[in-house]
Structure formats: C-alpha cells, structure tokens
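Input sequences plus hints: build the corresponding full structure.
Protein chains in written order, with this note's numbering: chain Z, 1395 to 1989; chain E, 42 to 165.
Source of the hints: derived by calculation from the structure; they are not laboratory data. Treat each hint with caution, since some may be false.
[Unchecked claim] Keeping only pairs whose Cα atoms sit at most 27 Å apart, straight-line, the calculated DSS-like set for lysine-lysine is:
1) Z:K1434 - E:K54
2) Z:K1505 - Z:K1849
3) Z:K1942 - Z:K1973
4) E:K101 - Z:K1434
5) E:K56 - Z:K1505
6) Z:K1654 - E:K54
7) Z:K1654 - Z:K1703
8) E:K101 - Z:K1505
9) E:K101 - Z:K1477
10) Z:K1477 - E:K134
11) Z:K1477 - E:K97
12) Z:K1950 - Z:K1911
13) Z:K1543 - E:K43
14) Z:K1988 - Z:K1911
15) Z:K1933 - Z:K1988
16) E:K125 - Z:K1482
17) Z:K1496 - E:K125
18) E:K97 - Z:K1434
19) E:K127 - Z:K1537
20) Z:K1482 - E:K129
21) E:K125 - Z:K1477
22) Z:K1496 - E:K129
23) Z:K1647 - E:K54
24) E:K43 - Z:K1537
25) E:K56 - Z:K1647
26) Z:K1647 - E:K43
27) Z:K1496 - E:K101
28) Z:K1988 - Z:K1961
29) Z:K1989 - Z:K1970
30) Z:K1434 - E:K56
31) Z:K1505 - E:K125
32) E:K127 - Z:K1496
33) Z:K1425 - E:K56
34) E:K134 - Z:K1537
35) E:K56 - E:K134
36) Z:K1496 - E:K56
37) Z:K1477 - E:K129
38) E:K101 - Z:K1654
39) Z:K1929 - Z:K1950
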Amino acid sequence: MYRSHVLVCGGTGCTSSHSAEIIEALENELKNRGLENEVKVIKTGCFGLCALGPIMIVYPEGCFYSEVKVDDVPEIVEEHLLKGRMVKRLLYDETVRKDEIKPLSETNFYKKQHRVALRNCGVIDPENIEEYIAMDGYQALAKCLTELKPEDVIQIVKDSGLRGRGGGGFPTGLKWSFTAKNSADQKYVVCNADEGDPGAFMDRSVLEGDPHCIVEAMTICGYATGATEGYVYVRAEYPIAVHRLEIAIQQAKENGLLGKNIFNSGFDFDLHVRLGAGAFVCGEETALMTSIEGNRGEPRPRPPYPAVKGLFAKPTTENNVETFANIPQIVLHGAEFFNSMGTEKSSGTKVFALGGKINNTGLVEVPMGTTLREIIEDIGGGIPNGKKFKAAQTGGPSGGCIPASLIDTPIDYDNLTAIGCMMGSGGLIVMDEDNCMVDIAKFFLDFTVDESCGKCTPCRIGTKRMRELLEKITDGKATMDDLDELEKLAYYIKDNSLCGLGQTAPNPVLATLRFFKDEYIAHVVDKKCPAGVCKNLLKYTIDADKCKGCTACARKCPVGAISGTVKEPHTIDSNKCIKCGVCMDTCRFGAISKK
Amino acid sequence: MKSLEELMAIRDKAKANMTDREGSGDGIRVVVGMATCGIAAGARPVLNALVDEVAKRNLKNVTVAQTGCIGMCQFEPIVEVFEKDKEKVTYVKVTAEMIPEIVASHLVNGNPVAEYTVGAIVKD
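Right, here's the structure in full:
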C-alpha cells in the first residue's frame, strides 16, 4: 500500500517539455531516499491544461504543481513527499486558497467542464488495465455481453442521441443499425484516429490517456453490429498513442477481454492497429478504409456506404475516437444519463482543443450548448496581452470562423451549421485583432491544396485556383471581380468534389467572406491589411516628430533601408524594406508605425 | 475474463489501491508529523503502519497525509485526527504498535484512545 500517489502527465504536450525526464528523476530521488515503497509514481494521460505543463499532481493532498522542471524534483521529494510540506512556489495559483489547497474542480479552467470522454485522462495510468477496471472499465462490455441483445445496445445508443464527433454529426446509433441489418460472413469495426486538423489533439489525448475505453467501445460496437474484427487507424506521428494502444490491446487479450468467447458469451472480437502516414485525406472514411486495405489513400464515391460495402468490401461501422470514448459511459449509465446533458438535438459533451491566442491552451470538455464566450473567457482565461477577441476557427480547414459578434452562440451541431460553420472534430483556434482573416483563409487553403489527394478535379485544381486568387488579394493586386470569382469558385468546389475534403475545403473562405467581407474589400480596394499582417500591403514609416535620431533602428535593419543623420529624424526606403518589423521592435520612442 | 464477478473482483482490488486519489471530502483526515523532528523520532514506520491498517480495513472515508512540524517536538511522533464538527484529537509518542488500536477504536468506532493522547501524557 502506497501512502502517496504522484501523477505526472505523460501526454504529448508535457512529454515535449520533459515530463519523461521528470518521472525518471522522481523515481531516482525516491529510491535515494528509500521512499520507493511508500510513494507511487504514475504516468497519466493529458490533464488538459497543457499551457501549464509539465503538470504533476500529488495525492492525497491533491496538490497541483505546474511548469515543473527536472531541477525541482529533489525539492518536491524532500519537502513534500518526505516532510509533508508543499512546495508553494510550484502550486498553480488558482488552486491556492489562503493556506489551503482548493480542489482542481473549483478552478476556472475545470469548473465549467464536464468530463465524459476525458473522464479517465489524467486520472489513471493508461498502461495499467487494472486502473481502468477500477474506474468501472469493461463493465459496460460485460453488461452488453451478458444482459443485452445486440439490438438493445443499438437502441441505447440511438436513445442517447450521440452523434459522430468526427465532424459530420451523423447519429451513431443509426449508423450502427445500418451495419447490423446487413448480413455478411464478415463485418468490421473501424476507429478513425487519423486526426489531421491543424491544432486538434482531442483524439490523441484520449488514446494516450484512456486507450482501454476505445478497446472496450469497439468491442461493444462489434457485438452490436455483428462484427468480429476491428481496426484502429492512427497516425504514425502519434507514437505515444500508438504505444499505449498496443499495450492496451495486449492487456485486454491477456485478460480475455479481447479474443475468443469474451465473458463466456460465445462472442469473439479481435483488434488491430494500422498506422497512417499522415495524409489528411485518410481522415475521410472511404479513403481511410482504402488505406487500411493497403492501397493509396484515396476516397471512393458513396453510395455504396461503408455499412453496405466498407472495409475489404464488407459491411463496416466507422466512428471517430471521441464518439467511441462516450460509448461505455452511455451503456453503463443509460441513454438518459447522456441525453440529459447538452441541447435538444446535440446531446452530451464535446471536447475542444483550445489553441491560438488564448491564455489556457489545452483540452476542454463541455456540455453541448455551452457558449463560445464561456469557453474563451471563463475556461480559456481570455486573450493574452489584453487584446480583443476577433474570431474563433472551428473545425480547422473544413470549418469556418465564428466572429466576435456571435460569441454568445450556444455551440452545438445545428447552431454552427446555421451560421455557416462546422463543429469539425473539435479544434478551436482563437484569433485576436492582430490576425488577418484573409491570411487565415489563405493558411487553411494552403493546407488543403497540399493535402488534396488529386483524384477529383474540383478539389485538385479548384483549390489551387482559389489559393491563387487569395494570393492576389493579399498582394494587393486583386479587383472586386476576383472577389466574386472566388466566391463562385468556392461554391462550385463545395458542390462538385468527390469527398468531404473537397466539399469542405472552401469553408474557411466562405465563412471569412461572410463575416469579414470588409477586410477583403480593404485588401482589394484600399490595398490595405487592417490587421497589419499581409506584408505586401504594409508600409513602415517613421514619425519625424517622435524620432530622436538615436540610430538604433538603422543599425538593426538587416537590409540597410533606414537612413538619416544622428539626432535627426530618420526615414525608411520602402523599396528596400522587407517588412520584417525589427525597427518597430527596436524603437524606444514609438516613432515607427506600420500601416 | 469469464464473468462479471471476476471483473468486479479485479475492480474492487484495484480501486482499493486508488482511494487516495479521490480527494478527502468530508471524511476523517489523519495527519502524521513528518518534519525532521518527527522523522527522527520514528514517524515513518508509524505513517506506513497507518496507511497499511487503513487499507486493510478498506476505510474509504479516511485520508492519511503527512504534515510538517506540529510544534511539540518532544512528543513526536505525533498523529492528529481531524473530523468534521468534532474537536481535533492529538496522539503523541505514537509507535507502529499503537496504530491497530487507534484505527479500530477511534477511526472505526469513534472512540478516541484517551491514554495515547496529548492530554493523558501532559497531565503526568
């Protein structure tokens, strides 16, 4: 029996800031002090508050240490673990109330969150099946196999109102019922863990923090739909997730939770992992299955839908990681538990990966219907440096932006669709007044141009033409006709592309055109970038009244574009200027401005 | 895995090892003075005995924690029991041998072991 548990985040975020070294140092230090049998170190999944990583939580006190460094370890061991005195300087200040530790659940970041899919992330050791079982793991599977008929399971999922968390929002129970009613000698379950949106890391965190819940949910899905084999398609660039998933599958097999005759029910299920090479198009369900089959990852026309002819031309159910992560909880606690959360048409919770211009970068899970304002201001802690919120991009390159004027929109599938956005998989990139919306649209289009598989013409060529138009705009060479052309092309690509990639690729352009048309017009007509981002439209100037002639800027300018004599106002030669902004950062008198 | 019972057995066993991660709540909080004075007087074996005894009896409402110097160094090892709406009980010069009795009588049945408390010692 250990008297204290030390949980250290082993998610990708904290690992990149040396949490693995911290764990090693901690174990060595505990050994040196002879505490190794009294204090247990546990490597967990993501706690969510990635901005403050590496994170360490010490129980039983529940002390939340943030931004821990390897050098802090001896002090933590000697002061806290040996002598019981918390290391105050490392405590996350929101958890300190006078001399007392405030539970994490009372901090602004966690207060409004409701963790269903992430419930075990940062709580258990993901590489230990016993800890998952201790949190009621595999009970839902036992219930399905010993008490429920496959159609009962599907009915529970249908009643729960769960919709696909990968972006489309298709009702999960309905999807399962389609596969279930098709008879075949072999059916499959596929888990889509090919999370490709820039800035999204929800699925990775679930796989890293709670891999067993995916194993359990896929087995349940197999039982409900009559499939005996499953594949998890995960990106090779998620090595920690792949490693833990493989451990989980191995442990499940050793414990008879995968394999033959699970729970003596006569039901067999086996699970395989397939690594994706990181092509964005492989997140599209038909391309993903083509890739699992060993072919080049290209989509195919639907129908036939996967429920009829999917993987290896057999009926297949494909769901996203987060969708599966909700399943065991729904089966265990009933449909009512799940649809009591969220809004009428979007039940349950949604995980968002919060990034961009936000204080608390990280992973949050909130009930559907939570407003963007609550997510950004309360949970996210607002915008850094007192800047003003401008827009949030949801759904990455397939989604759109929500402007500041709609910050009080309750977030669910239908509300987002109504304003021309998309829930997407859950990436939420926050932008402030310094972001140029045209530039953002161009960024996402750069991405889709690179990631288009090339099978269909609208997507392969159309997105390229759109990017050229956007470049024309940001270079100040476009006319209003180009703007109309851009919009026309966007709708054409949306209507005519083969798969979801092309059909949604114009969304960032359409959304920014809808809410920020004035910014486009400023670029086209006034040849100005209001946010000061598009370099070709910028001009740096020196205010002669403020310039003291200190020569600091002239000495820093990498291209010698600034001239002037000492103690006299300087000038910038705009033909030489490369708009790097070094002069502006250097000037101590605020004499340089960009327009 | 052949039955739900088998699964539940694993669950209960694993859960018992994770109780200290659930937070204290309204239960009984037992702290052991683990400053230099406490450690020198032998607080470590006392703490470990306490943790083991609480685990053995599966007392879910009891949290065992360490604390710094309580201030009466001559009476270390000191164990203090905090319970909501009750006065704090301070045991002094505690040894590992006393722990089963303190746990059984006080933590389980609610009767502090008067002879081990600071009141009894200081009177002498």
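Here's how the hints hold up against the structure:
1. Straight-line distance between C-alpha atoms of Z:K1434 and E:K54 comes to about 17 Å, which keeps the hinted pair within the 27 Å bound.
2. For the suggested pair Z:K1505 and Z:K1849, the alpha carbons sit about 47 Å apart, so the restraint of at most 27 Å is broken.
3. Straight-line distance between C-alpha atoms of Z:K1942 and Z:K1973 comes to about 22 Å, which keeps the hinted pair within the 27 Å bound.
4. Straight-line distance between C-alpha atoms of E:K101 and Z:K1434 comes to about 19 Å, which keeps the hinted pair within the 27 Å bound.
5. About 25 Å separates the Cα atoms of E:K56 and Z:K1505, which keeps this hinted pair within 27 Å; it holds.
6. With a C-alpha separation of about 25 Å, the suggested pair Z:K1654 and E:K54 falls inside the 27 Å cut-off, and the hint holds.
7. Among the hinted pairs, Z:K1654 with Z:K1703 is consistent with the structure: their alpha-carbon atoms are about 26 Å apart, no more than 27 Å.
8. With a C-alpha separation of about 25 Å, the suggested pairing of E:K101 with Z:K1505 holds against the 27 Å cut-off.
9. Distance check on the hinted pair: E:K101 and Z:K1477 sit about 24 Å apart at the alpha-carbon level, within 27 Å; holds.
10. Pair hint Z:K1477 plus E:K134 holds up; C-alpha atoms about 18 Å apart against a cutoff of 27 Å.
11. Our distance criterion of 27 Å between C-alpha atoms is met by Z:K1477 and E:K97, whose separation comes to about 24 Å.
12. Our distance criterion of 27 Å between C-alpha atoms is broken by Z:K1950 and Z:K1911, whose separation comes to about 37 Å.
13. For the proposed pair Z:K1543 and E:K43, the alpha carbon gap of about 18 Å is at most 27 Å, so the pair holds.
14. Distance hint between Z:K1988 and Z:K1911 is fulfilled; the C-alpha atoms sit about 22 Å from each other, no more than 27 Å.
15. A distance of roughly 5 Å separates the Cα atoms of Z:K1933 and Z:K1988; the hinted pair therefore holds under the 27 Å criterion.
16. A distance of roughly 26 Å separates the Cα atoms of E:K125 and Z:K1482; the hinted pair therefore holds under the 27 Å criterion.
17. For a cut-off of 27 Å, the pair hint linking Z:K1496 to E:K125 stands: about 17 Å separates their Cα positions.
18. Annotation: proposed proximity of E:K97 to Z:K1434 holds, straight-line Cα distance about 18 Å (limit 27 Å).
19. In summary, the hint linking E:K127 to Z:K1537 is not supported, as the alpha carbons are separated by about 43 Å, beyond the 27 Å threshold.
20. Restraint check for Z:K1482 and E:K129: satisfied, since their Cα atoms lie roughly 25 Å apart, inside the 27 Å limit.
21. At roughly 25 Å between alpha-carbon atoms, E:K125 and Z:K1477 fall within 27 Å of each other, so this suggested pair holds.
22. The hinted pair formed by Z:K1496 and E:K129 meets the criterion: a straight-line CA distance of about 21 Å does not exceed 27 Å.
23. Taking the CA atoms of Z:K1647 and E:K54, the gap is near 20 Å; set against the 27 Å cutoff, the hint holds.
24. This hinted pair checks out: E:K43 and Z:K1537 have alpha carbons roughly 12 Å apart, not beyond 27 Å.
25. Restraint check for E:K56 and Z:K1647: the C-alpha separation of about 21 Å stays at or below 27 Å, so the hint holds.
26. The hinted pair formed by Z:K1647 and E:K43 meets the criterion: a straight-line CA distance of about 13 Å does not exceed 27 Å.
27. In summary, the hint linking Z:K1496 to E:K101 is supported, as the alpha carbons are separated by about 21 Å, within the 27 Å threshold.
28. Between Z:K1988 and Z:K1961, the direct Cα distance comes to roughly 22 Å. Compliance with the 27 Å bound is thereby established for this hinted pair.
29. At most 27 Å may separate the alpha-carbon atoms for a hinted pair to count; Z:K1989 and Z:K1970 meet this at roughly 17 Å.
30. Under the criterion of a C-alpha separation no larger than 27 Å, the hint pairing Z:K1434 with E:K56 is consistent with the structure, at around 15 Å.
31. Under the criterion of a C-alpha separation no larger than 27 Å, the hint pairing Z:K1505 with E:K125 is consistent with the structure, at around 25 Å.
32. A threshold of 27 Å between alpha carbons decides the hint, and for E:K127 with Z:K1496 the separation of about 22 Å falls inside it, so the pair holds.
33. Annotation: proposed proximity of Z:K1425 to E:K56 holds, straight-line Cα distance about 25 Å (limit 27 Å).
34. Annotation: proposed proximity of E:K134 to Z:K1537 is violated, straight-line Cα distance about 52 Å (limit 27 Å).
35. Only pairs whose Cα atoms come within 27 Å are accepted, and E:K56 paired with E:K134 is rejected, the gap being roughly 33 Å.
36. The hinted pair formed by Z:K1496 and E:K56 meets the criterion: a straight-line CA distance of about 24 Å does not exceed 27 Å.
37. Pair hint Z:K1477 plus E:K129 holds up; C-alpha atoms about 21 Å apart against a cutoff of 27 Å.
38. A distance of roughly 37 Å separates the Cα atoms of E:K101 and Z:K1654; the hinted pair therefore is violated under the 27 Å criterion.
39. Taken as a hint, the Z:K1929 and Z:K1950 pair is honoured in the structure, with Cα atoms around 19 Å apart against an allowance of 27 Å.
Checked against the numbered hints given earlier, this structure breaks hints 2, 12, 19, 34, 35, 38; the rest are met.
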